[in-house]
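*Asks:* Residue strings, one per chain:
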Amino acid sequence: MIRIGGVLVSPGEGGVYGERMIGSYRVWDPRRSKLAALALLGSEIDLAPEMRVLYLGAANGTTVSHVADYVEVVYAVEFAPRPMQDLLEVCRRRRNIVPIMADAGRPERYAGIVEEVDLLYMDVAQPDQAGIALRNLLFLRKGGTLVLMLKTRSVDVTQSPQDVLEETVRTLTAGGLSIRETRWLEPYHRDHAAIVCEAIK
Amino acid sequence: MERYWFGEIEGGQCRPIAADPAAVARRLEELGPSLLRPDWTLAQSCGVVEDRAGYIALLGRSCIELARAQVATELSGPDVELLQMVRTLDETDHVVNLLLERAVDWQAVLDPGFTRKYRQGGKALAGRIRRSPSPALRQVGAEIESLGEMRTRLMREVSRRADQVMPNTSALVGGLVAARLMAEAGGLLALARMPAGTIQVLGARTALFSHIRGGAPSPKHGVIFQHRRVHNAGKEVRGRVARVLAAKLAIAARIDLYRGELDPAFIDRAQARIDAAGVEG
Numbered sequence: 037m038i039r040i041g042g043v044l045v046s047p048g049e050g051g052v053y054g055e056r057m058i059g060s061y062r063v064w065d066p067r068r069s070k071l072a073a074l075a076l077l078g079s080e081i082d083l084a085p086e087m088r089v090l091y092l093g094a095a096n097g098t099t100v101s102h103v104a105d106y107v108e109v110v111y112a113v114e115f116a117p118r119p120m121q122d123l124l125e126v127c128r129r130r131r132n133i134v135p136i137m138a139d140a141g142r143p144e145r146y147a148g149i150v151e152e153v154d155l156l157y158m159d160v161a162q163p164d165q166a167g168i169a170l171r172n173l174l175f176l177r178k179g180g181t182l183v184l185m186l187k188t189r190s191v192d193v194t195q196s197p198q199d200v201l202e203e204t205v206r207t208l209t210a211g212g213l214s215i216r217e218t219r220w221l222e223p224y225h226r227d228h229a230a231i232v233c234e235a236i237k
Numbered sequence: 007m008e009r010y011w012f013g014e015i016e017g018g019q020c021r022p023i024a025a026d027p028a029a030v031a032r033r034l035e036e037l038g039p040s041l042l043r044p045d046w047t048l049a050q051s052c053g054v055v056e057d058r059a060g061y062i063a064l065l066g067r068s069c070i071e072l073a074r075a076q077v078a079t080e081l082s083g084p085d086v087e088l089l090q091m092v093r094t095l096d097e098t099d100h101v102v103n104l105l106l107e108r109a110v111d112w113q114a115v116l117d118p119g120f121t122r123k124y125r126q127g128g129k130a131l132a133g134r135i136r137r138s139p140s141p142a143l144r145q146v147g148a149e150i151e152s153l154g155e156m157r158t159r160l161m162r163e164v165s166r167r168a169d170q171v172m173p174n175t176s177a178l179v180g181g182l183v184a185a186r187l188m189a190e191a192g193g194l195l196a197l198a199r200m201p202a203g204t205i206q207v208l209g210a211r212t213a214l215f216s217h218i219r220g221g222a223p224s225p226k227h228g229v230i231f232q233h234r235r236v237h238n239a240g241k242e243v244r245g246r247v248a249r250v251l252a253a254k255l256a257i258a259a260r261i262d263l264y265r266g267e268l269d270p271a272f273i274d275r276a277q278a279r280i281d282a283a284g285v286e287g
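From first to last, the protein sequence lines are chains A and B.
Taking the working numbering, the leading residue of the first sequence gets 37, the next gets one more, and so forth.
Taking the working numbering, the leading residue of the second sequence gets 7, the next gets one more, and so forth.
Derived from the structure by calculation, the hints contain no laboratory data.
Heads up, some of the hints might be wrong.
Calculated cross-link-like contacts (lysine to any residue; reagent style SDA-like; alpha-carbon spacing at most 20 Å) [to be verified]:
id	chain 1	residue 1	chain 2	residue 2
1	A	Lys-178	B	Leu-42
2	A	Lys-178	B	Trp-46
3	A	Lys-178	B	Pro-44
4	A	Lys-178	B	Asp-45
Here are some chain B residues pointing at chain A (derived, C-beta under 7 Å) [stated by the list, open to error]:
id	residue
5	Gly-38
6	Pro-39
7	Cys-69
All of these numbers come straight from a predicted model, not from anything done at the bench.
In this text, a Cβ means the ideal position worked out from N, Cα and C, and glycines have one as well.
Taking the hints into account, I'd like the entire structure generated from these sequences.
*Replies:* Right, here's the structure in full:
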C-alpha cells in the first residue's frame with residue numbers, strides 16, 4: 037500500500053467522506069478505518085491491483101472506498117438499510133464495488149453473486165464472528181487471505197478481550213485456517229484485534 | 007441444468023439472459039439462493055459479456071438496482087418513520103433541558119434575586135426568561151418555548167401513529183410507551199421477536215449490564231416503568247406487574263406485526279391479568 041511521508045493513502049477520486057487529499061491521493065485515516073490502522077501498525081497485508089475481495093460488514097463504505105482504490109473488484113455485503121443508502125452512493129461513483137444487501141451469516145443468499153476471491157475481509161459487530169468467517173470460507177480461494185477485525189466487545193462484554201481473541205483464534209484454527217498474525221489495534225481502536233489467516237484447505 | 011445469474015447451462019449449451027441490469031436484478035431476487043457460484047469466463051463464453059470489465063460492470067449495476075429496491079422495501083414499513091419520531095422526541099427533551107438549564111444560569115447573573123426554587127416546572131421559568139432584561143436571552147427563552155410546543159405536537163403525533171401501527175401494544179400501555187418500546191428494540195419486527203424478559207428490561211441497559219457484570223440486583227423494569235400500572239404499583243408487587251405486563255406486551259407486539267389490527271378479546275383478558283397482578287398479597 038502507498039505511503040506519502042508516513043501517511044497512508046489510496047489512489048482515487050476524493051470527496052467520499054470529506055477525507056484530506058495529498059495531490060491525487062486520498063488520505064486513509066487509521067482512526068476511522070481498522071484496515072488502515074492494521075497497515076500502519078506494521079502488518080504485512082497488502083492490496084494488489086488484480087485482487088478480488090469479499091468485504092463483510094461494509095457499513096457506509098468508508099473503508100470499502102479505499103480498498104476499491106487498490107483492487108480489481110470488491111463484493112461489499114451490508115445488512116442494514118441506512119448505511120446501505122450511503123454505500124450505494126459510493127458504488128455509483130466507483131464502478132468496481134458490487135453492493136449486496138444481505139446477512140453475512142447466511143452466505144447461501146449471495147452465493148450466486150460472489151465469485152472466488154483472494155481476500156476475505158470481515159468487520160461485523162456480531163457475537164459469532166468466527167462462525168460467520170468460517171461459513172464464508174467457501175468463497176476464499178486456496179492460499180487466500182482472511183482478515184478478521186475482531187470486535188471483542190460484540191462477542192462478549194463480560195469476558196476479557198484477550199480471552200475472546202484466544203477463543204476466536206482456536207475456532208479459526210479448528211476450521212482449517214492457518215493464523216499468520218494477530219495484532220491489537222491500539223492506540224487507534226480500543227478492544228479491537230486483527231486476525232490475519234491463510235486458507236489452507 | 008446449471009443456473010447462474012447470467013444464464014442457464016444445460017448439456018454444454020448456454021441460454022444467456024438479456025444483458026440488462028433490471029432483468030438481472032429480477033433474476034437475483036427470484037432465484038437468489040438457488041444460483042450457483044459464478045465463474046466470469048462462463049458468462050463470457052455464454053456471450054452475455056465481452057470481457058472482465060463488462061462482467062463487473064453488468065453485475066455491479068444489477069446489484070445496485072437490487073439493493074436500491076431492497077432498501078426501499080425495508081424503509082417502507084409503517085414503524086420506520088415512527089421510530090425516527092420517537093428518537094426526535096427524546097432528543098428534543100434533551101435539548102430543551104440543556105438550554106433551559108443554561109438560560110436559568112444566565113438569568114441568575116442578570117437578576118440577583120432570581121431562583122428556581124418554588125417555581126413549578128419549566129414553563130414558569132421560561133416565562134420569566136422571556137421577560138428578561140437581556141434581548142439575547144429573551145430570544146433564547148422564545149426558542150425554548152417554541153421547542154416545547156413542537157415537542158407537545160410531536161408527542162401527540164407519536165401517540166396517534168402508535169395507535170395505528172401497533173394497536174394492541176398501545177391498548178395495553180398507551181401509544182407513547184408502546185412507541186418507546188418499539189424504538190428501543192429497533193423496530194416492530196425486532197420487538198415482536200423479543201422474549202418477554204427482554205421487553206421487561208428494555209431501556210434499563212445500564213442497570214442490566216451492571217447486573218450481568220456481577221454484584222448489582224437485576225432490573226425489574228425499563229421503559230415500561232413509565233406506564234402508570236407499573237409506577238403506581240406498590241413496591242412489593244411492582245416487579246410482578248412489570249413481568250406480567252411484559253409477557254402480555256410480547257404477545258401484543260406479535261399480533262401487531264402479523265395481524266396489524268386490534269384484538270379486543272385478547273386485550274380484555276390481558277388487562278384482567280395485569281390488573282390482577284397489581285393486587286397486593
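*Asks:* For which of the previously enumerated hints does the structure constitute a violation, in increasing order of number?
*Replies:* Of the numbered hints given earlier, the structure breaks none, since each of them holds.
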